[in-house]
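Residues per chain are reported as follows:
Protein chains: 2
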Amino acid sequence: MDYSKFFSADVPSFLRSPVREIFRKVDLGAICSFAGGYPAAVTFPVEDIKRLSGEVLEKYGTKALQYGATQGVPELRQVIASRYGVPVSQVQITTSSQQGIDVCTRVLANPGDIILANNPVYLGALQSFRAYRAQVLPIQSVIAGPDRQSSVKFIYVIPDFNNPSGETMTLAEREEIVRVARELDCLIVEDSPYRELRYSGKPVKTIRELAPERTLHLGSFSKIFAPGFRLGWIIGPEELLEQIYICKQCLDLCPPVFDQYMAAEFMGSGALDRNLEKTIVEYRRRRDLMVSLLEKYMPEGVRWTYPEGGLFLWLTLPEGIDTVALYDEALAAGVAYVAGSFFYTDGSHRNTMRLNFSFIDESKMEPGIRLLTGVICNSLNSR
Amino acid sequence: MDYSKFFSADVPSFLRSPVREIFRKVDLGAICSFAGGYPAAVTFPVEDIKRLSGEVLEKYGTKALQYGATQGVPELRQVIASRYGVPVSQVQITTSSQQGIDVCTRVLANPGDIILANNPVYLGALQSFRAYRAQVLPIQSVIAGPDRQSSVKFIYVIPDFNNPSGETMTLAEREEIVRVARELDCLIVEDSPYRELRYSGKPVKTIRELAPERTLHLGSFSKIFAPGFRLGWIIGPEELLEQIYICKQCLDLCPPVFDQYMAAEFMGSGALDRNLEKTIVEYRRRRDLMVSLLEKYMPEGVRWTYPEGGLFLWLTLPEGIDTVALYDEALAAGVAYVAGSFFYTDGSHRNTMRLNFSFIDESKMEPGIRLLTGVICNSLNSR
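Quick note, the sequences are listed as chains A and B, same order. The first sequence finishes on residue 383 if you use the numbering used here, and the numbering steps up by one all the way, no holes. The second sequence finishes on residue 383 if you use the numbering used here, and the numbering steps up by one all the way, no holes.
Please note that the accuracy of each hint is not assured.
[Unchecked claim] Quick list of in silico lysine-lysine cross-link-like pairs, DSS-like style, CA-CA up to 30 Å: (1) B:Lys-278 / A:Lys-50; (2) A:Lys-364 / A:Lys-296; (3) A:Lys-364 / B:Lys-296; (4) A:Lys-278 / A:Lys-364; (5) A:Lys-63 / B:Lys-296; (6) B:Lys-296 / A:Lys-50; (7) A:Lys-59 / B:Lys-296; (8) A:Lys-364 / B:Lys-50; (9) A:Lys-278 / B:Lys-59; (10) B:Lys-63 / A:Lys-50; (11) A:Lys-63 / B:Lys-50; (12) B:Lys-296 / B:Lys-364; (13) A:Lys-278 / A:Lys-50; (14) B:Lys-63 / A:Lys-278; (15) B:Lys-50 / B:Lys-278; (16) A:Lys-205 / B:Lys-296; (17) A:Lys-63 / B:Lys-63; (18) A:Lys-278 / B:Lys-50; (19) B:Lys-59 / A:Lys-63; (20) A:Lys-59 / B:Lys-63; (21) B:Lys-278 / B:Lys-364; (22) B:Lys-364 / A:Lys-59; (23) A:Lys-50 / B:Lys-59; (24) B:Lys-63 / B:Lys-50; (25) B:Lys-5 / A:Lys-59; (26) A:Lys-205 / A:Lys-278.
Simulated from the structure, these hints should not be mistaken for lab results. Note that the structure is a prediction, hence the values are computed from the model and not measured.
Take the sequences, apply the hints, and build the full model.
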């Protein structure tokens, strides 16, 4: 039976991400993988979770097992509102911050609408934007050039420790985003899953703080609690959240309720902050180790970002080296990364790659960087 | 700031469901409410869940807290595949069966496409169909009339204990659905959240069993485990699940992982079947109580369905009585229901209502039916 005739126009073949194909090729656990974007399992507060699961059932009883409000359970919305200094009415809980991206796009973007994004851009966002057949253009071209867009729906950015580049926007850059948004009269979706994971440098104001009236700020529990509980949040103007809430009703009625009470107790009791301190120490060590290994091994002409937080850094190889073409060779050698061009709206920058330093076993970090260096040097030598 | 200009064409005002407005008017816990569709909290296996949450963390460790596969964790897919006699490759886990409806619609329906549905139809499905701007037509008109539709994308039905009507399709009716689907060359979305909750009569073959090649069968843990874990599943042809899986990647990356292991252990260990037996005894008693109270109190000219399972029955009042108009009076008297016309694609059948018998405290059932009878009799007398 030919099923393709049944598919909607929203399901074109570009939804088949090349990254997913790459992840299918090999068991990444068996090699030195810098490819995924997973948090380290050692940061998961297993003992807290064991304790809290009993406490949640004692404290909330069957309420934790029943359907909940579409906006999220009041207890979790309150804890988030307090932490970030906003009214509860400006907090919507989402079933993962990926859902936050998806629901914002669905509520805002028509096919053909323009979304401005930093370039490189988070692949999960790019996939979601493309699934709604929105047109994604690099924000840089608009800021730099005279080419002001009139039908821009929103600007999408990860200002803190961008996935994939690891870079953080300065205050001036954030103010520029706000200026552009006001000039174009569009909204801003500020994706902020890593903000709490800062290892050095000083926090910069969020874009939401600079322009709360036109910003939808997306948060996530995946990197500060556990991604197995699929929970994120949106902070934004009530008029926007009202539509998002109505849309979310169609999506899944409500976020996971038991998970929400777990997160509320974890964040509200101070356990989150205690765990966050340990997580930051852990990840700072991993970042420093990776940077020192790159300094030690990488040949001249290879550059990388120095991330002040988050999970990733970004490698730029000499022009002419193609990290997509190099990937099979890297896998055969026993090391994995994600080719940088996948994160570009136009597939350019084929000499870049994203490296994750949070997930890999630390004992594999040095062998991995040595293997990667070998693959890169081979390619340089064969030119 | 006027935000309305930012909204996509998918966000029209009809997304504001009248039912939601009604639920906002009053604290339904304080009155006799037959309105919601919640399972009874007494059916939640609290002790099992306390035990399992520890066991899951012992058995699966940090795997239960990490990101999982988009298709669902293998352990849960396997348990469902075994229970329903299908290969694992034909099982996709969803974050609630509402997401199952949403993702099927998104993958299949373009704006303007026709979806055939039984009439009355589950409101959550109707909202989702409308959100994609699909056109929803009653299946009955197609079966009865010469008006064969050529651009039908799929037929949506709840064959077992339909929400809202409580009715169950006979085998002949299911075969007719399959015949129509084959004739129109369209798919079938068989929504089956209540199938395991049968209190009398004999199970009828599912539509999936009759036409596996063109059926997406949606299951749910909400009524047989706990809705607070947002979990459902889709059983269907691999070619369709492949597209659904790609789409789901954009929606929320993966279903809640901890919740999935809980469900896998609950279903796999036999605890689900033990709890289901108790749940069926509980709900059968409630159904019988409601039916006996309707027989005792309702005036002549009022008819109701006798559901063989599920959570609802359907009341038809004499022509001319408007249950939408009557609602404020009912609330003032202290009783709530959902007006039947909300479940009709054309808002007709204003003399009907849906009554839920699973959620209300049994001690409130008789007072509630007496209050409802009073409101109906008042209305009949004032004609």
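Going through the hints against the structure:
Distance check on the hinted pair: Lys-278 of chain B and Lys-50 of chain A sit about 28 Å apart at the alpha-carbon level, within 30 Å; holds. A distance of roughly 16 Å separates the Cα atoms of Lys-364 of chain A and Lys-296 of chain A; the hinted pair therefore holds under the 30 Å criterion. Proposed proximity of Lys-364 of chain A and Lys-296 of chain B is contradicted: the alpha carbons are some 75 Å apart, above 30 Å. In summary, the hint linking Lys-278 of chain A to Lys-364 of chain A is supported, as the alpha carbons are separated by about 21 Å, within the 30 Å threshold.
For the given pair, Lys-63 of chain A sits about 34 Å from Lys-296 of chain B by alpha-carbon distance, which is inconsistent with the 30 Å threshold. For a cut-off of 30 Å, the pair hint linking Lys-296 of chain B to Lys-50 of chain A is broken: about 51 Å separates their Cα positions. The suggested pairing of Lys-59 of chain A with Lys-296 of chain B is violated, with an alpha-carbon distance near 41 Å, which exceeds 30 Å. A C-alpha spacing of about 38 Å is found between Lys-364 of chain A and Lys-50 of chain B, which places the hinted pair above 30 Å, so the restraint is violated.
Restraint check for Lys-278 of chain A and Lys-59 of chain B: satisfied, since their Cα atoms lie roughly 25 Å apart, inside the 30 Å limit. With a C-alpha separation of about 14 Å, the suggested pairing of Lys-63 of chain B with Lys-50 of chain A holds against the 30 Å cut-off. Straight-line distance between C-alpha atoms of Lys-63 of chain A and Lys-50 of chain B comes to about 14 Å, which keeps the hinted pair within the 30 Å bound. A threshold of 30 Å between alpha carbons decides the hint, and for Lys-296 of chain B with Lys-364 of chain B the separation of about 16 Å falls inside it, so the pair holds.
With a C-alpha separation of about 18 Å, the suggested pair Lys-278 of chain A and Lys-50 of chain A falls inside the 30 Å cut-off, and the hint holds. Between the alpha carbons of Lys-63 of chain B and Lys-278 of chain A the distance comes to roughly 20 Å, so the proposed pair stays at or under 30 Å and holds. Our distance criterion of 30 Å between C-alpha atoms is met by Lys-50 of chain B and Lys-278 of chain B, whose separation comes to about 18 Å. For the hint pairing Lys-205 of chain A with Lys-296 of chain B, the CA-to-CA distance comes to about 67 Å; that exceeds 30 Å, so the pair is violated.
Taken as a hint, the Lys-63 of chain A and Lys-63 of chain B pair is honoured in the structure, with Cα atoms around 26 Å apart against an allowance of 30 Å. Proximity of Lys-278 of chain A to Lys-50 of chain B is assessed by CA-CA distance (about 28 Å); at most 30 Å being required, the pair is judged to hold. Between Lys-59 of chain B and Lys-63 of chain A the alpha-carbon distance is near 26 Å, which keeps this suggested pair within the 30 Å criterion. Among the hinted pairs, Lys-59 of chain A with Lys-63 of chain B is consistent with the structure: their alpha-carbon atoms are about 26 Å apart, no more than 30 Å.
A distance of roughly 21 Å separates the Cα atoms of Lys-278 of chain B and Lys-364 of chain B; the hinted pair therefore holds under the 30 Å criterion. For the hint linking Lys-364 of chain B to Lys-59 of chain A, the alpha-carbon distance of about 26 Å falls within 30 Å, and the restraint holds. Among the hinted pairs, Lys-50 of chain A with Lys-59 of chain B is consistent with the structure: their alpha-carbon atoms are about 13 Å apart, no more than 30 Å. Our distance criterion of 30 Å between C-alpha atoms is met by Lys-63 of chain B and Lys-50 of chain B, whose separation comes to about 19 Å.
Taking the CA atoms of Lys-5 of chain B and Lys-59 of chain A, the gap is about 44 Å. The hint is violated against a cut of 30 Å. Between Lys-205 of chain A and Lys-278 of chain A the alpha-carbon distance is near 24 Å, which keeps this suggested pair within the 30 Å criterion.
Hints 3, 5, 6, 7, 8, 16, 25 from the list above are not met by this structure, while the remaining hints are.
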